[in-house]
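Here are the chains, one letter per residue:
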Amino acid sequence: MSKQTLVINPVTRIEGHGKITIHLDEQGKVADARFHVTQIRGFEKLCEGRPFYEMPSLMARICGICPVSHLIASAKACDAILATRIPTTAVKLRTILNLAQLVQSHALSFFHLSSPDFLLGMDSDPAKRNIFGLAEAHPQMARDGVRLRQIGQQIIEKMAGKRIHPAWVVAGGVNEPLPVATRDQILAVLPEALQIATKALDWFKTILDQFREEIRTFANFPTYFLGLVSPTGELEHYNGFFRVVDSRGNIVADKLDVLNYQDIIGEACEPDSYLKSPYYKPRGYPEGIYRVGPLARLNIADRCGTPRADQEWAEFRELDRGAVLSSFYYHYARLIEIIYGIERMEQLLQAPDILSKHVRAFAGTNNPEGIGVTEAPRGTLIHHYKVDDNGLMVWANLIIATGHNNLALNRGVLQVAKHFVNGEKLSEGMLNRVEAVVRAFDPCLSCSTHALGHMALQVTLLSPDGEVLDELKR
Amino acid sequence: MSQAVRVITLNMDGRDISARGDQTILQVARENNMYIPTLCHITGLSRVGSCRLCLVEIKGINKLLPACVTRVEEGMEVKLSSERLDKYRRSILELLFSERNHVCAVCVSNGHCELQNLAQKLNMTHVHFDYRYPRLPVDGSHERFVLDHNRCILCTRCVRVCDEIEGAHTWDMLGRGVNAQVITDLNQPWGDSETCTGCGKCINVCPTGALVEKGKSVREMTKQRQFLPYLTLMRERRW
Amino acid sequence: MSKARVATLWLDGCSGCHMSLLDMDERLLELAGKIDVVFSPLVDQKEFPENVDVALVEGAVSSDEDLEKIRKVRARSRLLVSLGDCAVTANIPSMRNPFTVKDVLDRAYVENVSLNPGAPKTDVPTLLAKARPIHEFVNVDVYVPGCPPSADTIYSVLTDLLEGKCPDLSSKTRFGA
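Protein chains in written order, with my numbering: chain A, 1 to 474; chain B, 1 to 239; chain C, 1 to 177.
If you are wondering where the hints come from, they were derived from the structure by calculation, not from laboratory data.
Do not rely on the hints blindly, as some may be mistaken.
Computed spacing ranges between beta-carbons, pair by pair [unchecked claim]:
hint	chain 1	residue 1	chain 2	residue 2	range
1	B	Y35	A	E369	49 to 55 Å
2	B	D130	A	G28	47 to 53 Å
3	C	K121	B	L64	52 to 58 Å
4	B	D16	C	F137	46 to 52 Å
Examples of chain A residues toward chain B, derived with CB under 8 Å [as the list claims (entries may be wrong)]:
hint	residue
5	R50
6	P51
7	E54
8	V170
9	A253
Heads up, incomplete: computed chain B residues facing chain C, CB under 7 Å, no partners named [said to hold, decoys possible]:
hint	residue
10	T70
11	C104
12	A105
13	N110
14	H112
15	T125
16	H126
17	F129
18	R135
Idealized CB from N, CA, C, for every residue including glycine.
Just chain A, same shape as in the assembly (with noise of 0.2 Å):
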């Protein structure tokens, strides 16, 4: 048998689109397997000549799913150039905006996206393997999903104004206190909500005995593991500082001034993706591999520090001697994430300074460089920003939350590749697994594939001379 090449193209539903191509060498064993992402739209040149403080809004379009991450990370860089130290209270609001954001994204990606597979099968039909047919089969949990989200946009949009792309976050703060029947209405909604995602963290517990195979063979292998922890060491999502475990769970670097992110994140060009591969400086590229998102948050976190988040994630942490390396447990640490954004957001709320109407910081130009740093939901998210002496923006470069697992997804195609895929004949439960793989790491390459049910994939086996030999279409 001579070498040849799996073409899955295109693998839909990843931002823009992306591919996967996999390699088969003599004896028909997989010898690599590569993931390509297929859009660029170019925002850190785009901006270039816009006064800084439009970029909060700006930024906000890279991603539908996560808007507000942009908006929160961007504004933070611009707090920088203003060289302000925004209100407490805009600290607050800030916060509980980006948790809520958390709540929807999260739900989005296990129910709507994931749940599919987790209660049709991973190799049920793919023509119900989605929301629809979700909502056919089991109307509980398609209802559950829809309104967890639900809840999440509505608290964005009570807060914001709109659901996707609000203009609420600004350099210096926020532009409108919060209204006190807004914050009653929010704390009235919060019970539901954790009501819904503890109810499907201890459903999802019990079914966790059916995928052993796949909790083996997803992305499972050492890596690094980055994130922001606060100041005492506890889960954070807006503020605190670099921690950085290995795969034993051993703490490598702590509080680092998320300034200095350049000492520790490198990045590298792919010659077949545009998307870059980011890498743990200090070891190099490729072995300074790491992941971030629910997974490596857990994982570097000394506690969760709400009640039911700490008591689910000390369960979690047993899953593993050290860190927990699986990626199937992607899943699982997104709904302890779930639970603790929806306490957190409680307890921000039940402050009196909630209500404040110092929300904002004005100031002019007074710093050349800015950098803001916060916890989106897939993960780490990076603006840094230059600015010429009027405000206008000369240079960007950001370093988006999926980006920097791209070293990780990739060789966790080729994992599952290995696995599953062997000789010539194609099957459907390897495609299904390679798309649940890179499901699992919920890619948001600014728009999630996930939207629902499968990607689409056609896989084609062709010999050296390009002569097709085998061909599955899904």
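Chains B and C: place on chain A using the hints.
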């Protein structure tokens, strides 16, 4: 304004209306709550008739005439709107949108913009012309204000208000056709201007997000226009 | 009565319009009873099918792959809806147009990189010189502006189209809504 002016009658959109002989079609229409779209016109400043949105049909004349500068005459029959006029007005708006970079979604005047409001009011669904995508700068050199050439529609309201009301004449026009642009003084950065008094009138008369206050983020730039008629009145009484 | 065949697709966009579609919440599940979603990020289907009744397309045309896709969608759909400002006016993607493609790629893949600088050369589509709205390439039947258009707007467009009516959107949405 002082000598006796005759009263005349004319017909607008089927209505018989009386008016003063020194009024324009636009003035008479507004007095009678009849709508004609405008952009370069603003009450209190001189009229230039440049945007052509106010073109109306007059019986017996085969040219369309701009209502803001055309005087009414006895027995005139004017049509303020028709299918033909609607089409031309939409085309004018589409040409404006395609000429420069009007990205409403992230503009500081989003929601408070006369160009945007007109597009919605006149049912402009999309731009038929190919967008030009010129590369245009933002002038952020002034301490308190910003000029964004990408949002400018060359209505010249800023030129007129600065000249006629403030008396500084900081703004003027450079170039012709599609290369025309507004400039400060002798085409210097606004922050270097020796004539600008920082009064902010140009900001407030600008219909779009071209002239705005520094620091206003997306959707935040609202304009205050109430001052203009009073200032005009004061000026007229003085002299 | 057979269900209407509806497809959704995104080109160079942020998926906000699709998220706004999901913001219809339970109305989406209701609509699912009346329509067959035959192609979408939301359901699985590999190849854009023939005989689509309504295709909702989000995003500007920015790469050669986008162009190929939109031509295929136009050929196989009865009604093509430009969904959102990126599709109707090219919006944010068009902000890269005053710059050259080389400058855009250099900023991302040469200036901001610590290892292996250089834009990808294989396995990825090529950027067109400018990102442009959909109707500059194919005929569009309905324009739904907004960034993104609200869920209510999208719901009213779908229900109008399903009833055979032409949606009148000027009172419901606008550019930058």
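request  = Given the hint of 46 to 52 Å, check if D16/B and F137/C actually sit that far apart at their C-beta atoms.
outcome  = holds, 51 Å
- Message: Does the closest beta carbon of chain C sit nearer than 7 Å to the beta carbon of N110/B?
- Response: holds, 4 Å
* Does the CB of C104/B sit less than 7 Å away from some CB of chain C? -> holds, 3 Å
For the restraint on T125/B, tell me whether the closest CB of chain C is nearer than 7 Å. T125/B check passes; min Cβ-Cβ to chain C is 4 Å, inside 7 Å.
Discussion item. Can you tell me whether the CB distance of D130/B to G28/A sits inside 47 to 53 Å?
Written reply: holds, 52 Å
Hint check: 7 Å Cβ-Cβ cutoff, T70/B to chain C: violated, 29 Å
Residue hint A105/B, partner chain C, criterion CB-CB below 7 Å: Holds. Min distance 4 Å.
The hint names A253/A as touching chain B; please verify it with the least Cβ-Cβ distance against 8 Å.
Because about 35 Å separates A253/A from the closest Cβ in chain B, which is outside the 8 Å limit, the hint is violated.
Go through the hint on E54/A and say holds or violated, using the shortest Cβ distance to chain B against 8 Å. holds, 6 Å
**Asked** Is the hint on H126/B kept, meaning its closest Cβ partner in chain C is under 7 Å away?
**Response** holds, 5 Å
Quick check on V170/A please, does its C-beta sit within 8 Å of some C-beta on chain B? holds, 4 Å
request  = Report holds or violated for the interface hint on R50/A, using the least CB-CB distance to chain B and a cut-off of 8 Å.
outcome  = Holds - the Cβ of R50/A comes within 8 Å of chain B, reaching about 7 Å at its closest.
Comparing the model with each earlier hint shows violations of hints 9, 10, 14 and 17; every other hint is respected.
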